[in-house]
Amino acid sequence: MSLNKRFERFLEAYDDFREGLDRGLPYDLDLLRELFGDWRGKLFPTEERECPFHRVLVLLPSNVPMVLFQMAPLLLSYPNVTFTFKLSSGERELIPRFLGLWRDSRMEVLLSDREKTRDLAGGYDFLVGFGSSELEPFLRESGKPYRFFGPRFSLALLPEPDEDQLLGLFKDVLAFDTQGCLCPRFLFTGDPPKLPLSRLWEEACRRRPPQKGYDPLLFRYSRAVLLLEGKGDWSCHDGGLFQMERIPSLFPPRTLFLVSETDPERVLTFLGESASSVQGIVTPQGESHPLLGKETSASLFSPPGGAQHPPSGWLFEKGVTLENFFTPQQNR
Amino acid sequence: MLFDRVLEQIVQGNRFDPELALEVAEYQLRRVPLYKEFAQRVGVSLPLRDPGQIPFFPVEFFKRERIFAGEPEGFFLSSGTGGDRSRSYYNHQSLELYKASALRSFPFPDSPLFSLIPPVSLAPSSSLAWMIGAFESRWGVTYLNDLFEIDPGLVLERIRRELPPGGTLFATSLQLLRLAEGGGEPLDLPMRIIETGGYKATGKIYRREELYGAASRLFPKACLSSEYGMAELFSQFYSVGEGGLYLSHPYNPLFGEEGEGLLQVFDFANLYTLSALLVPDRVVRKGSLFDVRGRVTREARGCGYVFK
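Top to bottom, those sequences are chains A and B. The numbering of the first sequence is my numbering, which starts it at -12 and goes up by one. The numbering of the second sequence is my numbering, which starts it at -2 and goes up by one.
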C-alpha cells in the first residue's frame, strides 16, 4: 500500500475516532476534541523510510493519551515496521478504540503488567519507552536497542502577562489535570500579587473541570502543606495556585507554582538539576529563548494556550527527528 | 497543671473534653512557631473559641522540622527509608502520656503477649518498640525476635513452640508477609495476631484483605486485628469495632465530617508536639469508628517529572 493510501486510511480512522469520542473516557472530552481538531490540520504524509528494525515495542505512558498520535508521522513513515503498544490502564479505553478503526495490521496492542512485559521484550528488536525513570533500567537491561523519553515538566516565563496570556497559560496547566510533561508547573513572572490571579484561576478551573480520577483529598492535603511552604495562595476549591521561593515538596494535580523571578540566569539557579528535565517553555509569543533553550532540555517553545499543541513533526526531545528516531541511544 | 489534666483525660476520660482540647491547642500554638505560622496562614488566631477552629497540621512537616513545645529529650523515627522519615520528639512527660494512652487503648490485656517487634533496647528509635515495652512493663511480653527483619523458618518454629492457645502475637505487616511467603506448614493454633502496619520497605501498597488472606493461610485459626499508629501519634487505634473498623476514643477523637475524608485526629497524648494532626490517609468515618483506605499520596504516573 502506498504512503498516500496509508495516510488516507489513517485520516479516515482519525476522523471517525474524533467524532466518536464519548463521555465514557477518563479524559476531559472538550480538551481531546480541541487537540484532535487542531492536529487534524497539521498531519501530513511524509516520505517512506527504511528501518533496520522490524518489530518495535512502544511502552506508552499513563494518562497522556496524545503520545501515540504525536507519533503518527513516524508510524506512517516506516511501512516495514510492526509497532506493538504496551498500554497503561488509562489508555485501555482510548487507544484500542482508535487502532480498531485504523485496521492497520502493523499496529498491535499489548495489555500486560510490567513483569510480563519484561519477558516479552525478547520478541522485539527495538524498544521505545516513555515515562518514569524506573523504565530506563528495564530498557537498558533488555539488551535491545532502545529510545527512552524520560519524565519531563514544562514551565512558563512571562514577565508581565496580560489577562489573555494568563488564561491561556492556565488552560495549558489544567490540561489532563497537569499530568503531562507539556503542562507548565512553574510560572516565572515579575510580581505575582499584582496579577488578577484569583479571578482568572477560578475561571480557568471552571472552564476545565477535573477529569475522572481526580482526588479532592489529595488536593486538600497538598494544599495544607503548600500553604505553609509557599508565600502566597490564590487556590480555588479544585485547583492550586501558590507562590513559592523554592521547589515545593509536593506536586499535586491541577496546581501551578508562581515564582517571582524573571532573570533567566536565576530561573536556571532555581531549577537546579531539574533544568535537564524541562520539556517545553511558554513565552509571551512562543519565541525561543537563547539561554533557556541552551541550558535546559526544552524542545518546544509555545505561546500561552499553545503548550499542548506541538507541531506535527515534533518528537518529544531536542534533536530527535523522523530520520534519526531509530538510531539507538548509547547505553548510559 | 495542663499535663495532669491531659493525663487524667487519657486515663479516665469518658467523653471528649472540648475545653481541654482548646487549652491544649492554644498551649501548642504559643510554643510551636511553625504551628502558629500555619494557623495564621489558615486564618486562625488566638484565642480559639470552639474546637472547630483548631487548625489540623499536616504530618508532612515532621519529616523536616523539629516540632516540639519546649526542649525535647529524644526522638522516635518513623518506619521507611532514607531522608523521608519523620522524627517525633519527646520528653519524659510525653513518654508518660504515651504509655498511659497505649495501656488504655490496648483491647486484649488478659491474653499472654508475644512480639516479633524487637525489644526497645534493640530498637530505641522505634515508637512501636517503645509501646510494646510499655506493655511488657505492665503485663509482660515474650519477644520472639531481635530485629524487624525475620527469618521466617526460625520465627515460625518459635511461634509453634512457645505460643499457647489464646496467645496474642504482635507483628508488622512486613513480618507477616515474610512469614506467609516462607512456605511453612499452616499452624493450627487458636491465637490472635495484631498487625501493626509498616510495609513501606516492600515498595508495594497492600490492602488489609490481601495481608489478612496471606496470614490466614499460615495461621488458619488466628483471629486477625490491626493496630493503626504512627511515630507522629502517641495514641493508637485498634480494629476492634464492628466489621473490623478502627475505634477512636475520647482522648484521640477524629474530627471532620462523617463519610470519606482525610484522617484528622486530635491526640491528647501529643501534648508536647501537636495534637491536631492532618494525616494523608483516606478514611471513612462513622461516629467513633473508621476504616482506613490507604494513603492519598499519588504514585508517580504518566511522563511527568518527579522533583526531589
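Think of the hints as simulated: they come from the structure by calculation, not from any bench. Glycine residues also receive a C-beta, built at the ideal position from the N, C-alpha and C atoms. Accuracy of the hints is not assured; some may be wrong.
Straight-line alpha carbon distances no greater than 30 Å define the calculated DSSO-like cross-link-like pairs of lysine-lysine that follow [as the list claims (entries may be wrong)]:
#	chain 1	residue 1	chain 2	residue 2
1	B	K60	B	K96
2	A	K218	B	K218
3	A	K305	A	K281
4	B	K283	A	K199
5	B	K60	A	K218
6	A	K158	A	K199
7	B	K33	A	K181
8	B	K60	B	K33
9	A	K158	A	K131
10	A	K199	A	K29
11	A	K305	A	K158
12	B	K283	B	K96
Covered stretches of chain B, going by a simulated chain A footprint (3 or more residues, C-beta under 8 Å) [what the hints assert, rightly or not]:
#	region
13	133 to 140
14	165 to 176
15	266 to 280
These are the hints, each one checked on the structure:
1. B:K60 with B:K96: Within the cut-off at roughly 23 Å; holds.
2. A:K218 with B:K218: violated (56 Å)
3. A:K305 with A:K281: holds (10 Å)
4. B:K283 with A:K199: holds (26 Å)
5. B:K60 with A:K218: holds (20 Å)
6. A:K158 with A:K199: holds (17 Å)
7. B:K33 with A:K181: holds (27 Å)
8. B:K60 with B:K33: holds (18 Å)
9. A:K158 with A:K131: Not OK: A:K158 and A:K131 at ~39 Å, beyond 30 Å, violated.
10. A:K199 with A:K29: holds (29 Å)
11. A:K305 with A:K158: holds (25 Å)
12. B:K283 with B:K96: Cα-Cα ~27 Å, so holds.
13. 133 to 140: violated (count 0)
14. 165 to 176: n = 0 at 8 Å, threshold three: violated.
15. 266 to 280: holds (count 3)
Hint compliance for this structure: hints 2, 9, 13, 14 are not met, and every other hint is.
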